[in-house]
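Build out the structure end to end from the sequences listed, making use of the hints.
Now for the letters of each chain:
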Amino acid sequence: MLFTSWQFFLMLPCILFLYFIIPGSWRVCYLLAVSCLFYACFHPVYLTVIAAVTALSWYGGLSLERKRKKQEPPGRPFYFYAGICLLFLLVFKYTGFVLDNLHRLSALFSGPSLELPFSLVMPVGISYYTFQVIGYLTDVSRGRIEAERNFLYYALYVSFFPKVISGPIERAEAFLPQIRSCPAQKLWDGGRVRDGLVLMMWGYFQKLVIADRLAILTGEVFGNYAGYGSVELFVAAAAFYVQLYTDFDGYTNIARGLAKVMGFSLAENFRAPFLAGSIREYWSRWHISLSTWLRDYVYIPLGGNRKGTLRRYINLLLTFLVSGFWHGAAWNFVFWGMLHGIFEVAEAVMAPWIRRMNDCLHTRTESFSYRLLRRVKCWLLVCFAYIFFKVPTAADGFRYLKRMVSKWNPWALFDGSLYTLGITEKYMHILFFALLLLAAVDQVREKRHLEPDAWLAQQCIWFRWLAMLGCLLAVIVFGAYGPAYDAENFIYFGF
Amino acid sequence: MNREKKLVKTPAGADRIPEQSALKRRVAGLFRFVLFLGLFACLYHKAQEILKLDMGHRGTDNVTGFYAEKEDSIEVLFIGASTMFCTADPLVLYEEYGIASYDFGSSAQPFALSYLFMQEAFRTQKPKVVALEMLSVGNELDTAKADNLNYGLTDMPFSLTKARGIYDMFQDDKGTGLSYLLPMMQYKDRWQELTEEDFADGRTGQGYPIRNYAKGAYTPDLVAPSALDFSSYYEAQEFAIPERNLEIFAQMVTLCEENNARLLLFKSPNVGWNISQTRAVEALAQEYNLPFLDFFSLMEELEIDPARDFRDNTHFNRYGSRKASCYLGEYLKAHYDLTDYRMTDSDNSWDLALQGREHDRANERVAKAGGLPDYMALIPYAGHTVVFSVTGDCGQMADFLRQLAGAFGLDAEKLLAGGSFAVRDGQCISGLIGTDDKPWRWECGSDTMLLTGYSITYDRDIYQLVDDGLTILVYDNEWEELVDVAGFDAYDPAHAIRSE
Chain A
1 MLFTSWQFFL
11 MLPCILFLYF
21 IIPGSWRVCY
31 LLAVSCLFYA
41 CFHPVYLTVI
51 AAVTALSWYG
61 GLSLERKRKK
71 QEPPGRPFYF
81 YAGICLLFLL
91 VFKYTGFVLD
101 NLHRLSALFS
111 GPSLELPFSL
121 VMPVGISYYT
131 FQVIGYLTDV
141 SRGRIEAERN
151 FLYYALYVSF
161 FPKVISGPIE
171 RAEAFLPQIR
181 SCPAQKLWDG
191 GRVRDGLVLM
201 MWGYFQKLVI
211 ADRLAILTGE
221 VFGNYAGYGS
231 VELFVAAAAF
241 YVQLYTDFDG
251 YTNIARGLAK
261 VMGFSLAENF
271 RAPFLAGSIR
281 EYWSRWHISL
291 STWLRDYVYI
301 PLGGNRKGTL
311 RRYINLLLTF
321 LVSGFWHGAA
331 WNFVFWGMLH
341 GIFEVAEAVM
351 APWIRRMNDC
361 LHTRTESFSY
371 RLLRRVKCWL
381 LVCFAYIFFK
391 VPTAADGFRY
401 LKRMVSKWNP
411 WALFDGSLYT
421 LGITEKYMHI
431 LFFALLLLAA
441 VDQVREKRHL
451 EPDAWLAQQC
461 IWFRWLAMLG
471 CLLAVIVFGA
481 YGPAYDAENF
491 IYFGF
Chain B
1 MNREKKLVKT
11 PAGADRIPEQ
21 SALKRRVAGL
31 FRFVLFLGLF
41 ACLYHKAQEI
51 LKLDMGHRGT
61 DNVTGFYAEK
71 EDSIEVLFIG
81 ASTMFCTADP
91 LVLYEEYGIA
101 SYDFGSSAQP
111 FALSYLFMQE
121 AFRTQKPKVV
131 ALEMLSVGNE
141 LDTAKADNLN
151 YGLTDMPFSL
161 TKARGIYDMF
171 QDDKGTGLSY
181 LLPMMQYKDR
191 WQELTEEDFA
201 DGRTGQGYPI
211 RNYAKGAYTP
221 DLVAPSALDF
231 SSYYEAQEFA
241 IPERNLEIFA
251 QMVTLCEENN
261 ARLLLFKSPN
271 VGWNISQTRA
281 VEALAQEYNL
291 PFLDFFSLME
301 ELEIDPARDF
311 RDNTHFNRYG
321 SRKASCYLGE
331 YLKAHYDLTD
341 YRMTDSDNSW
351 DLALQGREHD
361 RANERVAKAG
371 GLPDYMALIP
381 YAGHTVVFSV
391 TGDCGQMADF
401 LRQLAGAFGL
411 DAEKLLAGGS
421 FAVRDGQCIS
431 GLIGTDDKPW
441 RWECGSDTML
451 LTGYSITYDR
461 DIYQLVDDGL
471 TILVYDNEWE
481 ELVDVAGFDA
491 YDPAHAIRSE
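As given, the protein sequences belong to chains A and B, one line each in that order.
Mapping of the first sequence onto the working numbering: residues 1 to 495, in sequence order.
Mapping of the second sequence onto the working numbering: residues 1 to 500, in sequence order.
None of these hints come from the bench; they were simulated from the model.
In this text, a Cβ means the ideal position worked out from N, Cα and C, and glycines have one as well.
Just so you know, not all the hints are guaranteed correct.
As the list claims (entries may be wrong) - Restricting the straight-line Cα-Cα distance to at most 20 Å, the calculated cross-link-like pairs of lysine to aspartate or glutamate (EDC-like) are:
| # | chain 1 | residue 1 | chain 2 | residue 2 |
| --- | --- | --- | --- | --- |
| 1 | B | 438 | B | 393 |
| 2 | B | 162 | B | 173 |
| 3 | A | 426 | B | 196 |
| 4 | A | 447 | A | 268 |
| 5 | A | 426 | B | 393 |
| 6 | A | 426 | B | 173 |
| 7 | A | 426 | A | 220 |
| 8 | B | 52 | B | 257 |
| 9 | B | 24 | A | 189 |
| 10 | A | 426 | B | 189 |
| 11 | B | 414 | B | 393 |
| 12 | A | 69 | A | 173 |
| 13 | B | 414 | B | 436 |
| 14 | A | 70 | A | 139 |
| 15 | B | 70 | B | 340 |
As the list claims (entries may be wrong) - Computed spacing ranges between beta-carbons, pair by pair:
| # | chain 1 | residue 1 | chain 2 | residue 2 | range |
| --- | --- | --- | --- | --- | --- |
| 16 | A | 473 | B | 220 | 17 to 25 Å |
| 17 | A | 30 | B | 259 | 52 to 60 Å |
| 18 | B | 31 | A | 30 | 27 to 35 Å |
| 19 | B | 358 | A | 483 | 16 to 24 Å |
| 20 | A | 119 | B | 220 | 40 to 48 Å |
If you want it as structure tokens, here you go:
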């Protein structure tokens with residue numbers, strides 16, 4: 001049951017209505033039941049996987065806490081519980097990848113076939129909740145948080161339905177207290193409910209009006225890249241970056257808005273990533289819940305920047321390698337992750353040189369133009385890397401790049417070719433205005449540190465209603481949904 | 001007594017407002033919520049009305065027209081696809097037999113949709129007879145053919161019956177089914193092709209009851225380019241009515257029984273239908289002990305001419321429909337106890353519809369008239385605006401134009417010298433407009449008409465005046481539409497010239 005499915009739209013009012021009328025003491029049970037039902041809608045069998053991971057990590061947390069209280073090192077038990085949880089992820093996500101590569105190797109030496117005799121469907125959200133529970137076990141073992149004794153509370157922390165399929169990867173220290181206070185919480189707060197709904201609406205706007213419309217263009221060009229020239233390929237790469245952002249941020253806003261309606265606060269996942277001036281800054285703005293998780297549970301345990309420059313660079317590369325593998329069990333994702341690692345290391349290596357050069361040339365590094373150029377540079381690097389994210393194999397990525405630089409056709413910018421990529425001229429205009437709105441919202445996020453719902457709440461009621469009605473109608477009329485469209489999954493749903 | 005109101009600061013720097021009791025705040029919040037929802041619902045409805053495709057034919061709008069009918073006013077209800085509403089003409093049935101009937105159908109209507117139409121009809125009407133055209137009984141429901149469903153479902157108002165009907169039709173694809181319940185989902189992409197007409201209030205069948213005079217029928221005055229070839233009819237082929245349609249038919253029979261209506265089956269002739277299908281329908285009719293009128297076997301008796309009585313391979317035209325309708329009228333009168341509504345004292349909508357049809361036919365005659373004398377004789381002055389404009393040399397027309405000027409008390413010589421004038425309801429409303437007074441503009445209906453020395457512009461369409469002679473424009477004030485613009489050459493007034 002995707003957030004954009006008609007089933008979800010029919011169910012949501014009923015879910016919320018019941019949530020607001022049931023007694024406080026039942027709320028957690030109710031939300032857990034709804035979360036299970038929501039999860040079961042995707043693949044009922046995999047409810048057992050999430051249940052097993054939840055039970056194991058809950059018990060593991062209690063066990064690790066007992067050890068900690070006895071002042072024993074967590075050692076083996078931690079690796080045992082975290083390892084088993086990780087094993088689920090490895091089995092479901094990477095078995096096919098490993099066997100496929102072994103099969104290819106075997107084929108090189110005329111060895112036996114190593115293909116799986118059955119297809120292994122990856123349980124939805126497994127990458128997210130596995131990281132979440134590993135983070136929880138780590139925090140408990142380090143004594144940062146107390147282990148949760150109430151299994152229902154813990155189960156809801158793992159499976160809370162707005163975030164279970166695509167995050168944000170919630171930290172236990174931030175989310176478990178909200179669950180604990182849920183039964184006693186005053187639920188109905190008109191302002192909060194309204195803000196939550198506004199955030200959801202903005203998420204739907206991002207997803208249906210921008211991301212899914214751009215998906216038509218990127219699907220067409222990336223699917224037939226051999227038939228297009230540089231301009232179309234470049235436009236498609238840039239469009240994919242925007243699509244990915246609006247798709248994932250759209251999902252996150254729907255999830256955060258929905259949680260907000262129910263009185264929960266989910267972690268921020270994006271902070272105007274298009275305004276990043278460097279790859280390092282980009283990762284502090286993009287998929288924040290994952291990047292901070294990788295920082296806290298991979299990069300820092302590896303030694304972070306405490307063990308010398310070379311180790312720092314190696315740690316960075318390893319962290320981005322994990323990031324690449326987390327995103328997908330395919331070499332193109334690994335390559336994409338490594339590219340980001342290389343970019344960040346290169347930035348770090350070149351930083352003193354650039355600083356020296358700027359000093360020599362008396363470059364005004366605080367000027368708007370300098371910041372703009374840095375952003376453009378970052379944009380190009382990220383777009384370049386995302387080509388490998390979108391194509392099915394790394395080899396396709398290289399072929400795409402080769403074509404992008406060798407089939408130069410600047411006239412395509414002027415002869416109307418861009419209107420033949422699956423989006424009509426009129427929809428291009430709508431997209432243009434939608435992107436302007438997106439840029440405005442990101443500016444407000446950046447400059448005033450306000451989410452769209454919080455900013456709108458500050459406006460007078462007339463403007464607020466006008467904006468809300470306009471946004472609703474725009475989603476309904478310009479959104480890519482309905483019988484004429486293939487429903488687009490959320491891209492990060494696949495990870 | 002002065003009462004001080006304590007001021008409190010609301011979150012996020014909002015305006016300072018007087019502290020209110022919790023109850024008042026809740027009531028105000030609820031009021032705002034309801035108002036917002038109301039506003040949204042209005043906007044949504046309006047947007048949907050604009051975006052929805054206008055399904056109306058000229059003079060008829062089967063679905064919206066049906067819902068505009070007075071409750072319990074229809075005695076014979078025709079249900080089915082286009083072959084139904086091109087065969088049974090309720091106005092012929094009323095005019096000749098006094099039968100109050102309605103064609104409640106839609107183009108390419110699947111059988112399952114016919115059942116929904118029947119259910120919908122019984123919500124507001126208590127027909128004594130339901131006549132079902134059987135063309136679609138042999139076809140499986142193909143939900144991928146959106147048009148076939150949109151013709152019938154777009155203008156059908158929301159009801160639980162409609163929702164249930166759609167749910168039954170879309171068991172395997174409920175998401176698509178939902179889009180028929182909310183037409184916005186079907187038509188939202190039309191925003192790219194919206195025109196001024198889409199924003200007009202009086203779209204066909206909406207707000208113009210008299211224009212919906214055809215009572216659901218569509219019987220244009222068109223003749224198929226060549227005689228229909230029915231030779232393949234007798235080539236027996238394997239045919240079985242789909243299982244699902246048999247179930248639906250059984251439900252239809254039950255529904256009619258529950259509503260004390262008698263079910264009558266009929267089939268109009270069309271190329272492609274064959275004897276195996278006819279036999280299957282006959283067997284079905286026998287199984288349920290229902291009458292079945294097969295117009296193919298009646299073609300000889302009714303003197304239906306394949307060269308003249310069809311507008312294409314599937315549909316009767318006005319002439320064929322009249323023959324079939326007369327037979328249906330005779331049959332219905334003979335076999336059912338039907339009231340002759342012509343004899344009732346009170347006005348009924350069929351009388352109004354006859355007036356509407358006559359009005360339309362009068363316009364149609366003008367638009368088809370050839371020579372100037374015929375044209376002048378056919379102009380319906382009442383309820384119309386007529387513009388006469390003389391250009392260039394008047395040639396053989398001079399005497400006629402002098403008479404015309406005299407009839408309206410105008411200066412004949414000025415008219416002959418390139419004058420123009422407008423007549424409304426038989427009265428000259430403009431005086432004589434000389435060449436120096438042009439361009440001349442005046443409000444006509446919902447738009448402005450502009451007359452220059454060379455053309456008439458109305459509703460963004462430009463009509464060229466004849467080089468030498470008389471151009472006549474006829475505008476229907478009541479129906480607010482342009483009927484015809486015809487030019488008559490000064491040296492050949494026997495042939496009207498109409499621009500494409």
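Going through the hints against the structure:
Distance hint between residue 438 of chain B and residue 393 of chain B is fulfilled; the C-alpha atoms sit about 18 Å from each other, no more than 20 Å. Between residue 162 of chain B and residue 173 of chain B, the direct Cα distance comes to roughly 16 Å. Compliance with the 20 Å bound is thereby established for this hinted pair. Taking the CA atoms of residue 426 of chain A and residue 196 of chain B, the gap is about 17 Å. The hint holds against a cut of 20 Å. A hinted pair counts as satisfied when its Cα atoms are at most 20 Å apart, and residue 447 of chain A with residue 268 of chain A qualifies at roughly 16 Å.
Our distance criterion of 20 Å between C-alpha atoms is broken by residue 426 of chain A and residue 393 of chain B, whose separation comes to about 50 Å. Taking the CA atoms of residue 426 of chain A and residue 173 of chain B, the gap is near 30 Å; set against the 20 Å cutoff, the hint is violated. The hinted pair formed by residue 426 of chain A and residue 220 of chain A meets the criterion: a straight-line CA distance of about 18 Å does not exceed 20 Å. Restraint check for residue 52 of chain B and residue 257 of chain B: the C-alpha separation of about 36 Å exceeds 20 Å, so the hint is violated.
Note on residue 24 of chain B and residue 189 of chain A: the hinted pairing holds, with a Cα-Cα distance of about 14 Å set against a maximum of 20 Å. Restraint check: the Cα-Cα separation between residue 426 of chain A and residue 189 of chain B comes to about 11 Å, which is no more than 20 Å; the hinted pair holds. A C-alpha spacing of about 13 Å is found between residue 414 of chain B and residue 393 of chain B, which places the hinted pair at or below 20 Å, so the restraint holds. Taking the CA atoms of residue 69 of chain A and residue 173 of chain A, the gap is about 19 Å. The hint holds against a cut of 20 Å.
At roughly 11 Å between alpha-carbon atoms, residue 414 of chain B and residue 436 of chain B fall within 20 Å of each other, so this suggested pair holds. For the hint pairing residue 70 of chain A with residue 139 of chain A, the CA-to-CA distance comes to about 17 Å; that is within 20 Å, so the pair holds. At most 20 Å may separate the alpha-carbon atoms for a hinted pair to count; residue 70 of chain B and residue 340 of chain B meet this at roughly 17 Å. About 38 Å separates the C-beta atoms of residue 473 of chain A and residue 220 of chain B, a value inconsistent with the hinted range of 17 to 25 Å.
The hint said 52 to 60 Å for the Cβ distance between residue 30 of chain A and residue 259 of chain B, and at roughly 45 Å that hint is violated. Take residue 31 of chain B and residue 30 of chain A: their Cβ atoms lie about 29 Å apart, and the range 27 to 35 Å holds. A beta carbon spacing of about 42 Å between residue 358 of chain B and residue 483 of chain A contradicts the range 16 to 24 Å that was offered as a hint. For the pair residue 119 of chain A and residue 220 of chain B, the supplied restraint of 40 to 48 Å is violated, since their beta-carbon distance comes to about 58 Å.
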